[in-house]
Amino acid sequence: MKEDKTLQKKHSMSDTNTLLTITIVVFVLMYLFAMVFLKGAFLKPQSFCNLLNENAALIILACGMSLVMITGGIDISVGYLTALVCMSCAVHLDYGGGSVGTAMLLALGIGVAFGVVQGFLVAYLEIQPFIITLAGMFFAKGMTTIVNNTQFNVAHEGFQALKATRIYLPVGSVNRLGVYVPAYVEIGVIVALVVVVALFIVLRWTRLGRSLYAVGGNNQSANMLGINVKRNKFYAHLLCSILASIGGFVYFLHVGSGSPSHASGYEMNAIASSIIGGTLLTGGVGNIAGTFFGVLSLGTIKNIVSSIGLDEAWWTNITVAAMICLFLVIQSVVLMRKHKKKV
Amino acid sequence: MSTETTTKKTPVKKQSRSFGEIMKGLVRQQLFIPVAALLALVLFNLIADPSFFAIKLGTNSAGDPVLTGYLITILDNASELVILAIGMTLVTAASGGQDISVGATIAIAGSVMLRILCGANASSTLQAPIWVAFLVCCVVSMLFGAFNGILVAYLKIQPMVATLILFTAGRSIAAWINNNQLPIVSDPTFSYAGTFIPGCPVPTPIFIAIACVAVIFLVLKFTNLGLYTQAVGINAQSSRLNGINPEKIKFLAYVILGLCVAVAGYIKVSRFSTINYSVVAKDIEMDAILAVALGGNALGGGKFNMAASVLGAYVIQFLTTTLFKFNVDSSALPAYKAVVVIILVVMSAPAVKAKIGSMRKKSGTAKPAKEAA
Numbered sequence: 001m002k003e004d005k006t007l008q009k010k011h012s013m014s015d016t017n018t019l020l021t022i023t024i025v026v027f028v029l030m031y032l033f034a035m036v037f038l039k040g041a042f043l044k045p046q047s048f049c050n051l052l053n054e055n056a057a058l059i060i061l062a063c064g065m066s067l068v069m070i071t072g073g074i075d076i077s078v079g080y081l082t083a084l085v086c087m088s089c090a091v092h093l094d095y096g097g098g099s100v101g102t103a104m105l106l107a108l109g110i111g112v113a114f115g116v117v118q119g120f121l122v123a124y125l126e127i128q129p130f131i132i133t134l135a136g137m138f139f140a141k142g143m144t145t146i147v148n149n150t151q152f153n154v155a156h157e158g159f160q161a162l163k164a165t166r167i168y169l170p171v172g173s174v175n176r177l178g179v180y181v182p183a184y185v186e187i188g189v190i191v192a193l194v195v196v197v198a199l200f201i202v203l204r205w206t207r208l209g210r211s212l213y214a215v216g217g218n219n220q221s222a223n224m225l226g227i228n229v230k231r232n233k234f235y236a237h238l239l240c241s242i243l244a245s246i247g248g249f250v251y252f253l254h255v256g257s258g259s260p261s262h263a264s265g266y267e268m269n270a271i272a273s274s275i276i277g278g279t280l281l282t283g284g285v286g287n288i289a290g291t292f293f294g295v296l297s298l299g300t301i302k303n304i305v306s307s308i309g310l311d312e313a314w315w316t317n318i319t320v321a322a323m324i325c326l327f328l329v330i331q332s333v334v335l336m337r338k339h340k341k342k343v
Numbered sequence: 001m002s003t004e005t006t007t008k009k010t011p012v013k014k015q016s017r018s019f020g021e022i023m024k025g026l027v028r029q030q031l032f033i034p035v036a037a038l039l040a041l042v043l044f045n046l047i048a049d050p051s052f053f054a055i056k057l058g059t060n061s062a063g064d065p066v067l068t069g070y071l072i073t074i075l076d077n078a079s080e081l082v083i084l085a086i087g088m089t090l091v092t093a094a095s096g097g098q099d100i101s102v103g104a105t106i107a108i109a110g111s112v113m114l115r116i117l118c119g120a121n122a123s124s125t126l127q128a129p130i131w132v133a134f135l136v137c138c139v140v141s142m143l144f145g146a147f148n149g150i151l152v153a154y155l156k157i158q159p160m161v162a163t164l165i166l167f168t169a170g171r172s173i174a175a176w177i178n179n180n181q182l183p184i185v186s187d188p189t190f191s192y193a194g195t196f197i198p199g200c201p202v203p204t205p206i207f208i209a210i211a212c213v214a215v216i217f218l219v220l221k222f223t224n225l226g227l228y229t230q231a232v233g234i235n236a237q238s239s240r241l242n243g244i245n246p247e248k249i250k251f252l253a254y255v256i257l258g259l260c261v262a263v264a265g266y267i268k269v270s271r272f273s274t275i276n277y278s279v280v281a282k283d284i285e286m287d288a289i290l291a292v293a294l295g296g297n298a299l300g301g302g303k304f305n306m307a308a309s310v311l312g313a314y315v316i317q318f319l320t321t322t323l324f325k326f327n328v329d330s331s332a333l334p335a336y337k338a339v340v341v342i343i344l345v346v347m348s349a350p351a352v353k354a355k356i357g358s359m360r361k362k363s364g365t366a367k368p369a370k371e372a373a
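If you read the protein sequences in the order shown, they are chains V and A.
Each residue of the first sequence is one higher than the last, beginning at 1 in our numbering.
Each residue of the second sequence is one higher than the last, beginning at 1 in our numbering.
Watch out, some of these pointers could steer you wrong.
One-sided excerpt, in silico: chain A residues whose CB lies under 8 Å from chain V [as the list claims (entries may be wrong)]:
id: 1; residue: TRP176
id: 2; residue: LEU290
id: 3; residue: VAL345
Treat the hints as calculated values from the structure; they're not laboratory data.
Each residue gets a CB set at the ideal place from its N, CA and C atoms; glycine is no exception.
Start from the sequences and build out the full structure, keeping to the hints where you can.
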C-alpha cells in the first residue's frame, strides 16, 4: 500500500526509475558472475578500465541518442557521422597540415552543421526524424568515402602524443613478473564521464532537461504548459549531433586512424544501449545514468562471450541480440504489470 | 498530418476550376510526390542522355535472347525492393513503426534455402526440389516475422526496437545455419528466378514483382485487410471497440512481411546462386522504409497507399541506376541519394505545403482554402 502511494506521488519519474534499477542490477549481477566464474581478466581493475577505454565513444554517442529518444525522436546518423569525423580529422591532420586544436574545431563544426540541418528539418518542418537522419546517415556515409576512401593511420606527432596520454589510477594489479602495474584510462574516458555527469545534471535539474521530458511525454500538454516544443526538439537534435562529433573525436583518439568502415553499426549499438538503459523510443522516459550502464552491459556481455571461448563472430551478435531481447521482455512485462496495478 | 495522406480524390465540382485549384488538388494527391520525382528523373535523363532509354535485344552467354538497357535494369533490380515495400507498408500502417530486420532476415531466408538445396555437406547436386526449399524458406521467414510480430503486437515493444534484435543477430544466424560455408548451387534451373528463363527475354524478377503486386492489390480489394490495417494504425483502441483485434492485425502484418522477405530472399540468392552473409541485401531495410516514406505514407501509421509505396521503390532504383550511369562511385552514392531524399521530403513536408498554399492564396488566383494543414 505504502509503495503504491509513493508511486503515485512520483508518477512522472517512476517509469524511469524502475527501468534504471533493472539495468543497474542486471549489470552488477553480470559483472559479479563474470568475476566469480570466469575469474582471470575480470578480477583485474585494468579490465574494467579497458571496458571504459573501448566504449568511451559509444557512451558519448549513446548519451546523445538518449536525449533525442527522450523527446520521442531518433537519430540514426550518429554512427556514420563518427566515421566522417574520424576521416575528416585524419585527412586534416596528415594532409591538411592542421593541428590537434583545429582538428577538434573541425569535428565540432561537422557536428554543428549536421545538428542544425537535421534539427531544423525535424523540428520546424516536422518531417519524421527517422527519414531525415536516414538521409543524414547516407550523406555522412557517402561523404566519408568522398573525403578519402581508404584506411590510413595518422602519423601527426601532436596527435600521437595526445593519443598515448594515459591517466593512471591509484588501483592496479601485479603482473606475471611480479611488477605492480597501475590501471589507466585514456583521455576519452574523462571526456565521456564529464559528458555523462553534465547531461545527468542537465536532464535532472535544469529547465532544458525538464522540458525535454515534457516534450517527449506529451507534445500537446507541453505546448499548453508554455514550453516551446519545436525549439526543444531542435536543441535535442543539435545536442545529439554535437555529442556524436565529440564521440567521433574520442573514437578517433582511441583508434588513431581514418576509415570508411569505422564505427559501423554504432548507431544501432547506441540505440541498443539506450534501450537497455531504460530509455523508451516513445519518448518521455529515460535516464543518462541508465544509458551509461547500458553501454557497459553491452561491453561486458561481449567480453564474457569472448572469454568463454565462443570466438566465432556470430556468437557475439547472437548473444547481444538475446540480451536485448531479454531486457525488452523484462521491461515490457514490468511496465505492463505496474500499470495494471495502478488501474 | 493525416489530411495530407488522404488517398481519396477531392470531390470534383462540375464548374470549371482555376489552374491554381487544379494544381493544388494535384499536389494534395498522395501519388504526387513519387510521380513528380519519377518525371523529374525521366526528364533529367532525357536531357542529359536520351540513350538512357534505349532497350536492345541481345543474346546472353547461353545464346538465349535477352533484353538489355537501363530501363530493364531498373525494373529488374527494383524487384526485391518492391516486394519488401509491400510488406513494409502494411507493417508501417498497422504498427506505426518499421521493421529494420528485413535485410538480415533475407540473409536467413537465403541461407535456409541453400542449406536445404545443398544439404549438410554443401554438395553441388540438388538435395531437394526447389519448391520444397522455397516452401521451407517461406515458413522460416514467416516464423521470424511472427517473432517480430509477437514482440510488437503482444508485448507492446516499439517496432524498431523489437526488430533491432533480429537486425543484430540475423546475419550471424544466417552464417550459423550453413556453418559459415558458402554453398554454391550449380543446377541451372535454380538461377531462373533471379535471371532469365531460357527463351524469355525479360528478366524473371520483374514478373515475380508484378505477381506480388497483383496479389496484394487483389487481397486489398477483396478482403478487409486494408481497412482493418488502417483502422488499427489510426487508433488501436477504437478499432478494438469496433470489433477488430488490433494485436492480430499487427501480428498478421509482420507475418506477411515475412512472406515478402522469403520471396525477396529467393530472388537474391537465385541471382548469384550463392550467398554472402555479411553483404547480401545490405541496407535494403533503409531503402524499403524510404520507399514507404517517398510514397507519402505517414511513418507513424494509419492510412496508406500501396501504389505510392511501390512507385516509391521504383523511384529509388531509378535514382540509383541514374547515378551509376553517371559514373558515381558506388561508395559515394549514398551522399547524392541523401540530397535527393532531403529535397523530396522537404517538398512533401506539411509545413512547406501549407506555406506554398498560403503564398498562392495571397496571389489571389485561388479561392481561400478552408482547411489549413
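Structure-based check of all given hints:
With 8 Å as the threshold, the beta carbon of A:TRP176 comes within range of chain V, its nearest partner Cβ sitting at about 5 Å, so the hint holds. The beta carbon of A:LEU290 comes within 7 Å of a beta carbon in chain V, closer than 8 Å, and the hint placing it at the interface holds. Against a cut-off of 8 Å between C-beta atoms, the interface hint on A:VAL345 holds, since the closest Cβ of chain V lies about 5 Å away.
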